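> Spelled out, the chains give:
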Amino acid sequence: MTYPLRDRCAIAGIGATEFSKKSGRSVLALGVEASLAAIADAGMTVDDIDGIVRCDLDSLQHNDLAHALGLPELNYWGAAGVGGGAPCGMVAQAAAAVLSGQAKSVLVFRALNGRSGQRYGHGAAVSAAVGGNGSYDEYFLPHGLLSPGQMYGLVAQRHMAEFGTTSEDFAHIAIACRDRANANPNAQMHDKTLTMDDYMAGRMISDPLRVFDFCQETDGACAVVVTTAERAKDGPNPAATIRAAVQSGMPDMQGGMLFPALMRPTLTTQPSASAAAKLYERAGLGPSDIDVAQIYDCFTITVLLQLEDYGFCAKGEGGSFASSGALQLDGSLPINTAGGNLSEGYIHGLNHVVEGVRQIRGTSTSQVPDAEVCLVTSGIPVSTSAMILTKA
Amino acid sequence: MTDITLPAPVADDHDTGGYFQAAQRGELAVLFCAKCDAALHLPGPYCSSCGSLDVEWRTVSPTGTIYTWTVVEHQLHPAFPVPYTVALVEIDDVPGVRLVTHLDGRPDVEIGTPMVAVFDDVREHTVLPRWVIRDA
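Residue numbers (my numbering), protein chains in the order written: chain A, 1023 to 1414; chain B, 4 to 139.
With the rest of the complex left out, here is chain A (with noise of 0.2 Å):
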């Protein structure tokens, strides 16, 4: 049977605010000026708009934003999760409200005072006591794992010992990424190049991962409007079609900081793998018709696991296929051309969907010639979500 949401709606509107160390302004303020962005890209107004889907970790309320934007309806509301692994689920979500029948355009955002703020990256509020209630954390916490750095150099420690993989391989991946980053001007690391000798000069974060195997964490606002393929042709902009979306997950615990992923029978297969194999067959595509991918990259290693994963080499060639020149502009596989969380920001990878809608418009700072088929992908290694963007 064919996937039913098959090319049937698509991405018409994408916004962004500044990416930032320091906003300065509420999540509110950041969320309503991405979506209002969104809205007119998509040459819609508020009065189009009758549908909102937010992310799990965002402290902005669906309704709290409905009013401040002005939306004169709300037919539809939404969360997914978690984290970064929502956003391609999050636009999936959005794209079944559509289709059936409950809300005729969809607002999808991420807005966060992620440095200023509250920092993901600084891992879990530790107090005198810590963990139960099904977060298990009292099983890591004391033990000093905190963060989701400290959790991916344990996974990292461990491909590289069953395959090889080396820091050069992890710094092909920051490199590449860097360099898109330097091509964009909304980038925070627009300004910073990055070379190898940088890369092993970097400092020491949670061995085996340095300061450049890190994200960017930050202040901003990403949103895109899903609607139908048919109403998308309306808009001023070309629109992205979604040619299948995809949640998938192992069924395993996920609570507390994630670090329950440790008892999985393997670290250095994710969620990706599954998802990968069902959104492939969903969109009848394989990973040799990708023309472009933006890969969830919160740490290098987490763009490694999902080389191999998303099928692009075998299991425990990623490090190889990374350090081929594979993902800079003129490789088989260029990757995140805006600079991903790595350079560009770290909007959980919401950043990630508005940057392939970009390059299936043919508008990004690092435009891959004639890309036509864009593979996104969202974080893990909690359940994840990808989908794969098309030209209408």
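Be aware that a few hints might be false.
Stated by the list, open to error - Computed, partial: chain A to chain B, Cβ under 7 Å:
(1) 1141
(2) 1154
(3) 1166
(4) 1168
(5) 1308
Honestly, the hints are just simulated from the structure, not real lab data. The structure presented is a predicted model; accordingly, all values stated were derived computationally and were not measured. Using N, Cα and C, we set each Cβ at its ideal position, and we do this for glycine too.
Following the hints, position chain B against chain A.
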């Protein structure tokens, strides 16, 4: 590891409290399905393999090996001065069951390094199992 600011675990959770109660006796415990003997880790109230709600804590040998590790060089919390190492230890008796531990500094470890559990009082009535390198 006697710093009074060290965060202590919630030790009386419905699903995980048995782990810390065993630690007070100086024992390492893993939750098992009483019907089909599947290890239930991290512990939960139901065995989805056989459909049993009958679960029980069993004492296991406190030995294991390192599955992976990371050396933390960037400090996040005053109770954990850097450098220190976080190791993921797989229990010898129950393959696939892993626990994390803190090790001071940058010890010479690798995947497969043999470890043994020790039991520390982190505060009155709370004992935290942690792991140290086991001499051959």
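> Does the nearest C-beta of chain B fall within a distance shorter than 7 Å of the C-beta of residue 1141 of chain A?
violated (10 Å)
> Checking hints one by one. Is residue 1154 of chain A an interface residue toward chain B, by the C-beta closer than 7 Å rule?
holds (3 Å)
> Take the shortest C-beta to C-beta distance between residue 1166 of chain A and chain B; is it under 7 Å?
holds (4 Å)
> Minimum Cβ distance from residue 1168 of chain A to chain B below 7 Å?
Interface hint status for residue 1168 of chain A: holds (5 Å vs cutoff 7 Å).
> Grab the minimum C-beta distance from residue 1308 of chain A to chain B and call the hint holds if it beats 7 Å, violated otherwise.
Since the shortest Cβ distance to chain B is 32 Å, the answer is violated.
Of the hints listed earlier, those the structure fails to meet are numbers 1, 5, in rising order.
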